[in-house]
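**Student:** Combine both chains into one complex, guided by the hints.
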Amino acid sequence: MTSTTDVKNNVATPATRADTGYRQRLRLNLRLRLGLIILAILAISSFTLPFFTDVNPSEQGTYMKNLSPSWEHPLGTNTQGQDIFWFLIFSIRNSLMLGISVSIFVTIISTLVGLSAGYIGGWYERFVMLITDSFITIPVFPILIVLGALVRGRTSFWVVGVLLVIFGWAWGARTVRSMALSIREREFINMARFSGASTFDIIIKEVFPYVYAYMVVGFINTILFAINTEAALAVIGLSKVEVPTLGSIIFWALNYNAMFVGQYTWIVAPVVATVLLFLGLFLTSTGYNELYAARRGQS
Amino acid sequence: MIKLNNIVATYTTVRGQVDAVDGVDLEIPSGTVLGIAGESGCGKSTLLKVLYGDITYPLSLSSGDVEYGIQDAQGVEITTRNIRDHWFRRIAYIPQSSMSSLNPVIRIRRQFVDFLDPDTDRAQVLEQVRSYIQQLDLPPEALDAYPHQLSGGMRQRIMVAMATFFHPDIILADEPTTALDVVVQKGILLLLAEIQEEMQNTIFFVSHDMGVHYQISHKMLIMYAAKAVEYGDSSDVFGRSLHPYTKLLTESLPTIGDDHLRQGVAGRPPSLWDELHGCRFAPRCPLATDICRSVEPPMVEYRPAHFAACHHADKNL
Numbered sequence: 004m005t006s007t008t009d010v011k012n013n014v015a016t017p018a019t020r021a022d023t024g025y026r027q028r029l030r031l032n033l034r035l036r037l038g039l040i041i042l043a044i045l046a047i048s049s050f051t052l053p054f055f056t057d058v059n060p061s062e063q064g065t066y067m068k069n070l071s072p073s074w075e076h077p078l079g080t081n082t083q084g085q086d087i088f089w090f091l092i093f094s095i096r097n098s099l100m101l102g103i104s105v106s107i108f109v110t111i112i113s114t115l116v117g118l119s120a121g122y123i124g125g126w127y128e129r130f131v132m133l134i135t136d137s138f139i140t141i142p143v144f145p146i147l148i149v150l151g152a153l154v155r156g157r158t159s160f161w162v163v164g165v166l167l168v169i170f171g172w173a174w175g176a177r178t179v180r181s182m183a184l185s186i187r188e189r190e191f192i193n194m195a196r197f198s199g200a201s202t203f204d205i206i207i208k209e210v211f212p213y214v215y216a217y218m219v220v221g222f223i224n225t226i227l228f229a230i231n232t233e234a235a236l237a238v239i240g241l242s243k244v245e246v247p248t249l250g251s252i253i254f255w256a257l258n259y260n261a262m263f264v265g266q267y268t269w270i271v272a273p274v275v276a277t278v279l280l281f282l283g284l285f286l287t288s289t290g291y292n293e294l295y296a297a298r299r300g301q302s
Numbered sequence: 011m012i013k014l015n016n017i018v019a020t021y022t023t024v025r026g027q028v029d030a031v032d033g034v035d036l037e038i039p040s041g042t043v044l045g046i047a048g049e050s051g052c053g054k055s056t057l058l059k060v061l062y063g064d065i066t067y068p069l070s071l072s073s074g075d076v077e078y079g080i081q082d083a084q085g086v087e088i089t090t091r092n093i094r095d096h097w098f099r100r101i102a103y104i105p106q107s108s109m110s111s112l113n114p115v116i117r118i119r120r121q122f123v124d125f126l127d128p129d130t131d132r133a134q135v136l137e138q139v140r141s142y143i144q145q146l147d148l149p150p151e152a153l154d155a156y157p158h159q160l161s162g163g164m165r166q167r168i169m170v171a172m173a174t175f176f177h178p179d180i181i182l183a184d185e186p187t188t189a190l191d192v193v194v195q196k197g198i199l200l201l202l203a204e205i206q207e208e209m210q211n212t213i214f215f216v217s218h219d220m221g222v223h224y225q226i227s228h229k230m231l232i233m234y235a236a237k238a239v240e241y242g243d244s245s246d247v248f249g250r251s252l253h254p255y256t257k258l259l260t261e262s263l264p265t266i267g268d269d270h271l272r273q274g275v276a277g278r279p280p281s282l283w284d285e286l287h288g289c290r291f292a293p294r295c296p297l298a299t300d301i302c303r304s305v306e307p308p309m310v311e312y313r314p315a316h317f318a319a320c321h322h323a324d325k326n327l
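These protein sequence lines map, in sequence, to chains A and B.
Okay, so the first sequence: first residue is 4 according to this note's numbering, each after it adds one.
Okay, so the second sequence: first residue is 11 according to this note's numbering, each after it adds one.
Since the hints were made in silico from the structure, they are not lab data.
As the structure is a prediction and not an experimental result, all values here were calculated from the model.
Honestly, I wouldn't trust all of these hints.
To be verified - Examples of chain B residues toward chain A, derived with CB under 10 Å:
no.	residue
1	Y62
2	H96
3	F98
4	P105
5	Q106
6	N113
7	F125
8	P157
9	M169
Idealized CB from N, CA, C, for every residue including glycine.
Chain B on its own, in the form it takes in the complex (with noise of 0.2 Å):
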């Protein structure tokens, strides 16, 4: 069980402070792979960087903290204050953009292996490498060969092969399908599921494509201008949805046969500077009432495991 503490992560700026995330409570239990999804600039970002405990300026963490449910070899227990020791062996990251987060001038091989404890046999580390991309569906040459030499595929594959050698309990995928088409995509996700289901690990995965929630996503967690507003599996958060924020994103996506016009959600997300009161969501809100426009929504549960922060989910139970 991963527990997320009340987290409020906040930049410093030229113009003062702004919340990035704000108040974010939530508890994930493990071996679930967590979509988190949302517009630009709602804190997916910033969570994930919580999540990884990379906390340097300009942000901070003003309160709360991540118990990750894991101990060291020690038997402590795994916080943000230690989670920077464990980077890598108990929690991964996987990019966006597997382009630039290779270094174009270093082999794949050297890449692999250039931060390992000095002590380490590089040789059969190396071999173990090689057997573990083949299962990822690479030929084992590719580690001898530059980025540049390599398909998007193939790199992303390499990035999920580097993130998962050594068995994390946790991996964050921040949008790591964004910069491949489609079917790549898909690839890539079939792996990560299926590594998933083999290591049990928990997988955060950030990305503003439902569908490739609705493929991957065990748990949906739905965030608007720094807040959580809606949590539950991701059957509930699809099929009954309770926030109007997620049904209105999810009837905006297409499906086959269905030749309606599309509406988008009108107005944009408020801007974090303003003084913000009551419900984040109210301005742009159908359902927005004069409570709404005055007092926060608290999160809910409003089915077993479905939460929402909204005044009138139950209209939609």
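So here's chain A without its partners, still in its complex pose (with noise of 0.2 Å):
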């Protein structure tokens, strides 16, 4: 064979470039080992300190109102007579369930729809694309608001997530749809069509490798939007404000006036955890999608 040495020269190392390439994988970048630690921070106190407390921080008139920060109340308490510490641990944890619970809601039925509607095409593509457009239209934010007064107080804070759920999976189809779009008029898919394969399995292991760095970013970014949202419907108190969440907590607060009281950890306390989930969160994502272009080769 004439190119045998040329051939036999070039491979010099497609195994050893993919170890380096997999030890790059594990040093993580900056932006994704920071954004994690924050998480993790949040995520694993506001989940586990719950259990060493019999305390319900809902409750009010538990403790003294309005004691500054002590050993005992590491915030203080509030004017119902809640601990401050705990309502915050507990509105992180109930936001992050919230959160991710949506978000694997969302991202699995707009991975489904766009991946299907994007590869399978035709009027299945135009039916389920004119339901998904119909919902991008429609304003999200004061429709919330005028099902959130519709329902309020009648409500239990899961509604909230279903309501969330079901305005906020069509961005990600599109997307997701717009990208199933491009790959499935590449050459690779119709060599996959052309070995027999059929068009889900198509789908799952042609195209989806292909979306699955989108999804996780996605994934975490609908976190973002289901906490964001929620919280803003609590702070105009349209949500169960019963229910500790950082939108709820930062709804009483103003509603009994904190900062005029002087009870500045009552508010402060909840501004300052939401902006760290959301650093946290927007650093794991653009992190993680630095990590994926790196794997890639910077292509």
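**Tutor:** Right under this line is the structure:
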């Protein structure tokens, strides 16, 4: 064979190159590391600490009102006689739980809808995209305000989550569809088809690996969206404000004029926690993006 | 023996229907390398699609079918109707550009085994693949790489390995060497020829590079404006061509030591949208007469196994 030597030299080293790639993948970039550390601290503390207390933070009048921070009450107590520290811990936990579960459903729905619409095409795509586009054009927040006002008080915390899923999946579906649309036309999809693969096989084995990195980032961003929207609704009193969340804590603090009373920790602590949480999520999302780009060889 | 029975392949477009392959009727002995040549848009690739059985909208088969001359496990003849069930087992396809034919985010070895039947032993197949690609002068580590870590030639070798791993009876190659430089190109061609010699598959080889055809093809099919115009052994088609179009094509090839200015074929092929009468090459043909412009020439066997569709072919005998 004429080109034997040329080929042999060339091969230098897919194996070793793959190894260094692997090592690079383990060396997480700064953003991702920072983001993961922030998230880990918030998540671990908020999910484990509640096991070490029998305080029900929502119960009013458990303690003296408006105590300053002390050893017993690290952030003091509020005007309702609740321990601000424990209320905050439960808030972070609830907000995270809401965000993650909303995001799981949103990601699953938008990926399934987007991939199938983009790859299968035809009347199916037109029908599905009609629905998707309708959901995109609906202004989410005003609708949520109206719905929140309607079901207010009679609803559970999780109904808010369901509403967020219903109004949250459409953007992701549209993005995934556009990726699937472009991938569908690539030659390797044809090759997979020519080797006898079924549509389902192609979507799962050929298209999905492409969309997967976007999904991770989308997943994190949806957590942000869910926590953010719920908090916004709660601040104006339209979520289930009796349940401690990052929004409802601010709602109560504003309601009882925490600033005026001088209970600064009541309002500053949830704001700081929210900012930290968002920062952690944002750093993780962009850091992962960077990591994935590095893994593809900066392409 | 592979039989193409009067194939008419039609594309449905917004403007209407157009026959991209219009009545190709051939018999190809098994175990030959058939080269298909012609200008862009003459129907080469469409013919390959029909041969592969990938007939999906907007392409449809208006008439004719292909008999592949092979039987499936139950002894049923394989034709256009059921060829899809034998994709990559009995009939394989080597695409034009290996660059885009491998999924860039999946390792090569997974692309080899992803679409096997679920009950096959993947590890064992991978071992076979590993030893097979070594026969094709690829390092076994290439299997563990992502496509972008391999050179163009290696990628094309991978494609050849994928297409031939199951020892298919028929291989379709759609300009498999166009994206490669001549040295690598020669390597791939020799590899294909070697594999063909060993497995005795029938290869349909599309290329508009006549030099490549000269190297590898046993028989040649020349197409012009959706029609087959000449078909015969390569030596006959190149050495004693009957159709003036073939003649002009081969005359345009440079030879070493000959410093004549080469003449291209003047004009352009007719648009398939027009109402076409008579010989489709007539407007560009130096030999054209009145009969050429009104009567369509049939494929006639002027020499044993050497066909041409030309009213004046006998002048070349």
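**Student:** Confirm or reject each hint.
**Tutor:** So, going through the hints one by one against the coordinates:
1. Y62: holds, 7 Å
2. H96: Holds, about 9 Å.
3. F98: holds, 4 Å
4. P105: holds, 6 Å
5. Q106: holds, 8 Å
6. N113: Holds. Min distance 5 Å.
7. F125: Constraint on B:F125 satisfied, holds at 4 Å.
8. P157: holds, 9 Å
9. M169: With a minimum Cβ separation of about 8 Å from chain A (threshold 10 Å), the hint on B:M169 holds.
When each numbered hint is compared with the structure, no violation occurs for any of them.
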